[in-house]
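S.K.: From just these sequences and the hints, can you work out the full model?
Number of protein chains: 2
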Amino acid sequence: MDLIKRVRIYEMVVEKIKALITEGHYQVGDLLPTEREFAQRYGVSRSAVREAMIVLHRLGMVDNIPGKGTVVVTDSEPSVNDYLLELLNAEEQSIINLLELRKGIEIEAVSLAAKRCTKKDLAVLQEKLELLEKAVEKGEVAAKEDHDFHVTLSSITKNDLYITVMTAISSVMQNTLEKTRAETLNKPGGPPRVLSEHKAIVHAIKNNDDEKARKAMRLHLDNVLHKTYQELDHKNIKQVKSR
Amino acid sequence: MDLIKRVRIYEMVVEKIKALITEGHYQVGDLLPTEREFAQRYGVSRSAVREAMIVLHRLGMVDNIPGKGTVVVTDSEPSVNDYLLELLNAEEQSIINLLELRKGIEIEAVSLAAKRCTKKDLAVLQEKLELLEKAVEKGEVAAKEDHDFHVTLSSITKNDLYITVMTAISSVMQNTLEKTRAETLNKPGGPPRVLSEHKAIVHAIKNNDDEKARKAMRLHLDNVLHKTYQELDHKNIKQVKSR
DNA sequence: ATTGCCTAAATGTCAGACCAATTAGCAGGG
DNA sequence: CCCTGCTAATTGGTCTGACATTTAGGCAAT
Numbered sequence: 001m002d003l004i005k006r007v008r009i010y011e012m013v014v015e016k017i018k019a020l021i022t023e024g025h026y027q028v029g030d031l032l033p034t035e036r037e038f039a040q041r042y043g044v045s046r047s048a049v050r051e052a053m054i055v056l057h058r059l060g061m062v063d064n065i066p067g068k069g070t071v072v073v074t075d076s077e078p079s080v081n082d083y084l085l086e087l088l089n090a091e092e093q094s095i096i097n098l099l100e101l102r103k104g105i106e107i108e109a110v111s112l113a114a115k116r117c118t119k120k121d122l123a124v125l126q127e128k129l130e131l132l133e134k135a136v137e138k139g140e141v142a143a144k145e146d147h148d149f150h151v152t153l154s155s156i157t158k159n160d161l162y163i164t165v166m167t168a169i170s171s172v173m174q175n176t177l178e179k180t181r182a183e184t185l186n187k188p189g190g191p192p193r194v195l196s197e198h199k200a201i202v203h204a205i206k207n208n209d210d211e212k213a214r215k216a217m218r219l220h221l222d223n224v225l226h227k228t229y230q231e232l233d234h235k236n237i238k239q240v241k242s243r
Numbered sequence: 001m002d003l004i005k006r007v008r009i010y011e012m013v014v015e016k017i018k019a020l021i022t023e024g025h026y027q028v029g030d031l032l033p034t035e036r037e038f039a040q041r042y043g044v045s046r047s048a049v050r051e052a053m054i055v056l057h058r059l060g061m062v063d064n065i066p067g068k069g070t071v072v073v074t075d076s077e078p079s080v081n082d083y084l085l086e087l088l089n090a091e092e093q094s095i096i097n098l099l100e101l102r103k104g105i106e107i108e109a110v111s112l113a114a115k116r117c118t119k120k121d122l123a124v125l126q127e128k129l130e131l132l133e134k135a136v137e138k139g140e141v142a143a144k145e146d147h148d149f150h151v152t153l154s155s156i157t158k159n160d161l162y163i164t165v166m167t168a169i170s171s172v173m174q175n176t177l178e179k180t181r182a183e184t185l186n187k188p189g190g191p192p193r194v195l196s197e198h199k200a201i202v203h204a205i206k207n208n209d210d211e212k213a214r215k216a217m218r219l220h221l222d223n224v225l226h227k228t229y230q231e232l233d234h235k236n237i238k239q240v241k242s243r
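Read top to bottom, the protein sequences are chains H and S. The first sequence lines up with residues 1 to 243 when you count with my numbering. The second sequence lines up with residues 1 to 243 when you count with my numbering.
Please keep in mind that the hints were generated in silico from the structure rather than gathered at the bench. Be aware that a few hints might be false.
Copies of the same chain are indistinguishable here, so a pair counts whether it falls within one copy or spans any two.
Keeping only pairs whose Cα atoms sit at most 20 Å apart, straight-line, the calculated SDA-like set for lysine to any residue is [stated by the list, open to error]:
1) K16 - R58
2) K115 - N97
3) K212 - D222
4) K158 - Y229
5) K18 - N64
6) K115 - L99
7) K18 - L59
8) K18 - R58
9) K16 - R41
10) K158 - L98
11) K158 - T228
12) K115 - K215
13) K115 - L98
14) K158 - A90
15) K134 - A200
M.R.: Written out as structure tokens, the structure reads:
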């Protein structure tokens, strides 16, 4: 049985305005037409437009400024991914917790990748590895290249959940690393070692050796965890000294 | 510098009504006071109350029914967990994808648990195992006992992310199993084998042997995956036959 | 007992008014 | 000429009152 669903007017206005933003008729930072104009344009009352504005505001898409107007804050509506990011990004979550979760996710991901990797997948992954290599040779932090590599790796699993979760974890880590100046990767003897670990992972995937791939990934992430522990210890010591 | 934040009236009304619901002044299914009464009670206009109602409705806490009133749908505001559930529960996600993700999460979780398990933790876990055992002996499906066991296991990691994610995965799987009549656990030779796998996991944790714990968990989840594959094949065959 | 209609009350929507904040323009003093 | 401060217009924020639509319950006719 199909139940008839009441459709509130403000909901239709929300969709209309949302479409205007996502389709690019108004860019981020632009001022939307006034509420009174929307009301006239859509043949509804200003109340309906205001209710729609409240929804759009709570979606984080617009900001209503009295005396000025309504400004576009972002051009895309929040997705489930954003909520996942919120979970991972919560301040209570330590970077250690995040790294441990990543360990579970990525070790199994690389295992699946080793079993399911096609020639095309491998080519893309090796390309990402080369980009990472070049960036490291230039002495860059290469955070973006590292992110790309790991996301590409997760995509080889062909499992949307791994792709979504790994993408979220990786971007949160990238943010965290930016805040902490990415000291981890910059430490003496850091990048070359990280690079060789990445190569070992790709090598195992190439041979479709899932067990070796897991071991290589576990080794890599244990090293990252170890360095992070050292870094945290170092900071704590500095904090104590500064008292 | 502390910026002064404009506080919209409807936001305060939202907090007021939300508190009334979460504190139990109104139970699920109850009819809230009318919008006009709220307006009078809080000394605001009905517009403000209506805007608050829209927010509460979009939070999924209330349902506004014309001619009747506003009924309470749930007594707790949605948390990040609910959005995680939404991600995992999305129809596009196959049960296979979910199981594969669970493999990554839980293998590493049991590894952490083996390293961090206290005597008290172990006692609780063994208690859950006994409950599972008794339920299986009675010939029950024991879905809830299985859920409890795995959530307890994840809590031993002391890592909030693992606890949150594992709880979500487990409850989604429980729902899915309910829909599919939990055939997996009911198959001949199913429960006893599952039980022995659980015992092996607990045994490894007891000995703080993280590597053996991972292997035991991998074996267990591979078996679950295998059975699920068989089940899906079986259903496909039945579907073909019924054409 | 069922059907149909009437009424009361609630939400949904509308129109208009006023308040508060912002902006732009203009007048006046330096 | 430039800066200051006032004024008016514009915009979102709130309030009020009205009407439309939906629901529930009472009541009479069938």
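S.K.: Take the hints in turn and mark each one as holding or not.
M.R.: So, going through the hints one by one against the coordinates:
1. K16 - R58: both (16 Å within a copy, 18 Å between copies)
2. K115 - N97: between (28 Å within a copy, 15 Å between copies)
3. K212 - D222: both (15 Å within a copy, 18 Å between copies)
4. K158 - Y229: between (33 Å within a copy, 17 Å between copies)
5. K18 - N64: Close inside one copy (15 Å), not across copies (23 Å); limit 20 Å.
6. K115 - L99: between (24 Å within a copy, 16 Å between copies)
7. K18 - L59: both (10 Å within a copy, 19 Å between copies)
8. K18 - R58: Both: 13 Å inside a chain and 16 Å across chains, each within 20 Å.
9. K16 - R41: within (11 Å within a copy, 35 Å between copies)
10. K158 - L98: Intra 23 Å, inter 12 Å, cutoff 20 Å: inter-copy only.
11. K158 - T228: between (30 Å within a copy, 18 Å between copies)
12. K115 - K215: both (15 Å within a copy, 18 Å between copies)
13. K115 - L98: Between copies, since 18 Å is at most 20 Å while 26 Å is not.
14. K158 - A90: Intra 28 Å, inter 16 Å, cutoff 20 Å: inter-copy only.
15. K134 - A200: Within. Shortest intra-copy distance 17 Å satisfies the 20 Å Cα cut-off; inter-copy 47 Å does not.
The structure shown violates none of the earlier numbered hints.
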